[in-house]
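Kindly produce the complete structure, drawing on both the sequences and the hints.
These protein sequence lines are chains A and B, in that order.
End of the first sequence sits at 713 in the UniProt record's numbering; the numbers just go up one at a time, nothing left out.
End of the second sequence sits at 713 in the UniProt record's numbering; the numbers just go up one at a time, nothing left out.
Don't read these hints as lab results, they were simulated from the structure.
Watch out, some of these pointers could steer you wrong.
With a straight-line cut-off of 30 Å between C-alpha atoms, the simulated BS3-like cross-links for lysine-lysine are [said to hold, decoys possible]:
1. B:521 x A:521
2. B:606 x B:278
3. A:67 x B:627
4. A:521 x B:567
5. B:259 x B:67
6. A:352 x B:495
7. A:495 x A:606
8. A:606 x A:521
9. B:495 x A:521
If you want a taste of the chain A side facing chain B, the calculated C-beta under 8 Å gives, among others [to be verified]:
10. 62
11. 64
12. 384
13. 576
Just so it is clear, CB atoms sit at the ideal spot from N, CA and C, and this is done for glycine as well.
2 protein chains.
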Amino acid sequence: MSTAYQIALEDLANREPDTVATIFSQGNGTFGVRATDPLLATDGTVVNGFFETSPIIYGEAAHGYAKEHQTIVSLPSLRHLTIIDQAGQPAATRAIKDVRLDMQTGALTMTTEIVFPDDDRPLELTTTSLIGQADQDLTAYLLGYTLTTTAYEGMITFTKGPLVFQEKESDIERDPRVVVRPLQLKHAIIDSSATAVVQRIQTTESQLTRFIKTSNVAGLTQTVKVAPAQPAHFEAYVQVAQQDSFALDLDAAVAQRTKAFWHQFWASAAIDITGDDKMAQGLHFNVFQLAQSANRTGEYSIAAKGVSGPGYEGHFFWDTEMYMLPFFTYTHPEIARKLLEFRYRQLPLARKRAHDMGVAQGGLFPWRSINGAEASAFFPAGTAQYHIDADIAYAVAQYFDVTQDKDFMEKFGLPILWETAQFWRSFGAWSERDGRRVFMFHDVTGPDEYTALVDNNTYTNRMAKANIENFLSAYAQLDVSSLLDIEEADLQALKDIAAGIYLPEPGDNGVTAQDDTFLSKPIWPFATTPADHYPLLLHYHPLTIYRYQVSKQPDELMLDMLFPDDKAVSQKKIDYAYYERLATHDSSLSRSAYAVLAANLGDTEKAYHYFMDSALLDLTDLQGNTKDGLHMANLGGSWMSAAYGFAGLKVVEGQLSISNRLPAQWQTLALNLLFRGRQLHIVLTHDNTVVTLLAGEPLTLAVDDQEQEISRK
Amino acid sequence: MSTAYQIALEDLANREPDTVATIFSQGNGTFGVRATDPLLATDGTVVNGFFETSPIIYGEAAHGYAKEHQTIVSLPSLRHLTIIDQAGQPAATRAIKDVRLDMQTGALTMTTEIVFPDDDRPLELTTTSLIGQADQDLTAYLLGYTLTTTAYEGMITFTKGPLVFQEKESDIERDPRVVVRPLQLKHAIIDSSATAVVQRIQTTESQLTRFIKTSNVAGLTQTVKVAPAQPAHFEAYVQVAQQDSFALDLDAAVAQRTKAFWHQFWASAAIDITGDDKMAQGLHFNVFQLAQSANRTGEYSIAAKGVSGPGYEGHFFWDTEMYMLPFFTYTHPEIARKLLEFRYRQLPLARKRAHDMGVAQGGLFPWRSINGAEASAFFPAGTAQYHIDADIAYAVAQYFDVTQDKDFMEKFGLPILWETAQFWRSFGAWSERDGRRVFMFHDVTGPDEYTALVDNNTYTNRMAKANIENFLSAYAQLDVSSLLDIEEADLQALKDIAAGIYLPEPGDNGVTAQDDTFLSKPIWPFATTPADHYPLLLHYHPLTIYRYQVSKQPDELMLDMLFPDDKAVSQKKIDYAYYERLATHDSSLSRSAYAVLAANLGDTEKAYHYFMDSALLDLTDLQGNTKDGLHMANLGGSWMSAAYGFAGLKVVEGQLSISNRLPAQWQTLALNLLFRGRQLHIVLTHDNTVVTLLAGEPLTLAVDDQEQEISRK
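This is the structure in structure tokens:
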């Protein structure tokens, strides 16, 4: 039996070991450990930013193509240990009996039935693990192993050694979204004693190094007796560090600090549902895993799979800024800030990339990358997604809007807004449309990769406009003229462009076009598409998909979530109805956005169903590939579904607004938010909406369209 | 000194050995031998259809991508022999003194100065070579070597053996247009005697085999004395065959039949210019090389480089049908027919490819291929060029229009027209534009690869319309209802589509759009593009190029050449002026078409300059890459420039039309044509245009807009 803050094996729809390993993975943004069978020396450790490069081979190459693959390294599991019997024979796992994750403490418990060779007396191995969460503990992984038995009796030996590297094969043909390239790692034990072993691991091409120290002051090898009523216990402490200098030795305080971290986390990020335990559990799991994946050092971001698996090669995409950041911005802005500082550090590479792409001014962030260089090997669905610039800028502006963190904005935020605004200025062009002079962007790909290389993708255009406007607004607010070399002519040019960017009016059928020609295409033949031909990208040539109206995820509709006051409700309803018909939800980024949109339009029943899919996407293995890692964007998206959708959270001209869209299935939805120094507690019921100020100055906000001022009682 | 029917070394702008080897290459469509130094065992033999496959590796793969590279095999030169002195030391070439190609006989003579080691007495080696041209001689290559000296005296030994294979490296990074993959060939001597050696060569993956027999009835090794006034002579006879059965032994008649072939060739294909020897020579060279490259067996086509070099991997493109076929159709229709029969044989693969691309009916020919399977590794500039179907259909219709070859049309032509018409029907979609129901084609790439994945590419749409109309017209003319399973509903659907295909009206600026959004893009910044940044494709990312108005070669303008009566002259002039500004001529297919267009619009001065570039493109190494092979499409294009351009040749509703556009630089242009069983001789002077019927029934035709009937005197 699990509670809303626990996940147990029985909660999973798919209990295959790889899926179990993902769901119960533990991480802290610096590294992650998949919940693999502790007796197997299988892969199971992902270290953020620890990647290998390899040349991208193109069937037909051209100038300016991304040169190198970047592939996150899958290291052997840190959980692995060996248990041998008196005859020196190793125990093996017969079955996983239970796994249980306590999201209030971060502790994971896995119970496995194990046996020794030629001996049918089973033993039960309980492996507990905890990953350090306090800043000083981000290298720490604590393990406890307890062996019990009702039948076995004998001396057994626990041994916890260095990582065991095994030969593996390339998985390149399996699924283009989950490339696993064979990597040649150098690894050596550089220090070894009875109580500690330090291993150095180096990548060959990217020349990165990590050090792993495994220790136990009582000895890394222990022989003890196990018998009925005489459990055997063994502990180990593993640290993963960039330097061969480990700040901590086995420290009981790690567990204490980790517990405190989660306590504070749940206080700031509290979100709860009554009347629907399953959804509450799903939502808790999602934000818990989001927190586990978020790097807090400013050196890295959150990969599409976090640190829960090697899917998408460990790359960072727009997912971080557009799907994950909002949760952090509203609940843990210190983490959001670090994630945005990471982008700031990549500006020099972005400027170089813009130049390589024939854009003289500004910077272009990579569509997918670990180290900041473009690693997309298919530009129509990669580099052509120039909107990445505007997405990052949106997240910067939102962070500033919600936190009013001027220090961040002056040092990091404004330079990002400036470089991205300059990019749009240099990338776009003035043109004519319907007799009017407008600023256009050609040959771009929007978020929906089922349409590529189009002109005036509405999402891109609108986001670029916001990008420039947000730069101009922040520049006007902050006194930074000494920091950036910006002339009045630049500001005027940017103002003209922001005002001139082409945005389509609804067409003949009343629908807002996704791009210049989308609506002229035929609609995908859904009626004759076999159910097993989804996701389409695995069953049809891109050219086949591109020539139809069909979408993997929202594109034009995203704008109705991001700019909720751009359109009249009637127009939003027309667009929603039109594009929803075309959506395959082949992307895990789709459903959560649809949940927000449906809720905002008052269709809470539909929103609830999208939310349900989103909230449980990994727990139910809805996409069928949770084994490759968690769908991080969806985890953040499900929070957005609750906050933006059911709670109608938005900020309009600096004023927070909450609109109660509680679905019929729930009794209450409660969530905590931080907004401009205030801590808010929001409770929605079917009768009313109560916003309580837990900390901070009085605030005027809009609740269900009524302005009210709240202050501490 | 060379004449208009000779090419000598001195006529070449670039005399680097690789360029010389291309220019003086000999071929017969079955195989080609580059004019390499006979003392070097370098690569130099291209056998049509003899290719190797290798897996295409994609940085990011997707469903339906072309699976295999096809790479023409570069075999060692057939010209190679060794000459050793009494000490057993081999002679080496010191300099190429002269090369001379006689286009009236097909004979090539290369004179090289050679020396033996440690001996400064030079010798002169004259290598004569002839490739068999009569149908029964298509395996034959005749060599004669004569050694003379003014100083040397001694016994020397000539040895002509089997091909010598050398290790070579991949050239993959050099230029994306000239990929040379390392190939592992199996080769073995399967029969050897003093007078003949037979070698079997096999590819590993594609499992193709060729046999090469080298023979000399007087012995393959001969030791003779050479001294001043005592030349030494040696002969060899090489045959390249698909089977180990060689029809001929050394046969003096081969030379005779080859001479007869060229005599007949020049009679049918006569084209001459007076007052401009350089252009006359260039044009002769071009059609001579075109003939040398054309396969006449129906098994293969003409590769982009013919059999003159390994460029473009030996692939066939639309070049054959759109640039080379017209010359054959009007002068050697029996060759044109064979080239079209080759496409007919590939219909089953085309049907499979259409299906793979999500198109239920019809066939889709590969954009680039040797064996009929798509081998393009970059679909935006490959498979997306669906116009290949309409190009082949255009060539079929033109062949039928000019020859009235019903036998071909019933057996081969109509099935091609039917499958391609069906493709368009299934590929396109009915849509709305300006309140009108129209048939559209989405996400296609036109001939100009500097713009990709657009909607309603005007070239594609217009050509598809012609494709369907030509099918309907041929179907109505021929009684083939028993051959094809076509229903009345199919015919009606095709009629509706042909009538409904969207074709743009001139836009606000009066220009006919290349596609739905081309004219809204900014114009390429020509003023700030350094001269050494052309061709753009080698210096800019495709995305950079795609987002501007810039063209590698004509696209919309091609239609004014192919459908000269579609538009008013005033509109053609507007379009020409507009698009010419955007043309970089980075493709060797560009200038010849511009020559036709300029001539048709009466600007013979401009046409002359384009023609000059086109006529001499390889002789002057204008593109800088003649070393990789001849630009076959341009060779055919220069004939089109003369025939379609300066002679205004066109067929309108079955009537031949000639319009005199003689450039000021010329006194006369004379050319022979075959039209519907008549042999015509056309002479343009600045005073008049005379069309003479050399053979056949009387003919009514239009000459300079005046209808006239001609008959044999």
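Consistency of the hints with the structure:
no. : hint          : result
1   : B:521 x A:521 : holds (21 Å)
2   : B:606 x B:278 : holds (17 Å)
3   : A:67 x B:627  : holds (28 Å)
4   : A:521 x B:567 : holds (28 Å)
5   : B:259 x B:67  : violated (44 Å)
6   : A:352 x B:495 : violated (53 Å)
7   : A:495 x A:606 : violated (40 Å)
8   : A:606 x A:521 : holds (27 Å)
9   : B:495 x A:521 : holds (21 Å)
10  : 62            : holds (5 Å)
11  : 64            : holds (3 Å)
12  : 384           : holds (6 Å)
13  : 576           : violated (22 Å)
Of the numbered hints stated above, those contradicted by the structure are hints 5, 6, 7 and 13, listed in ascending order.
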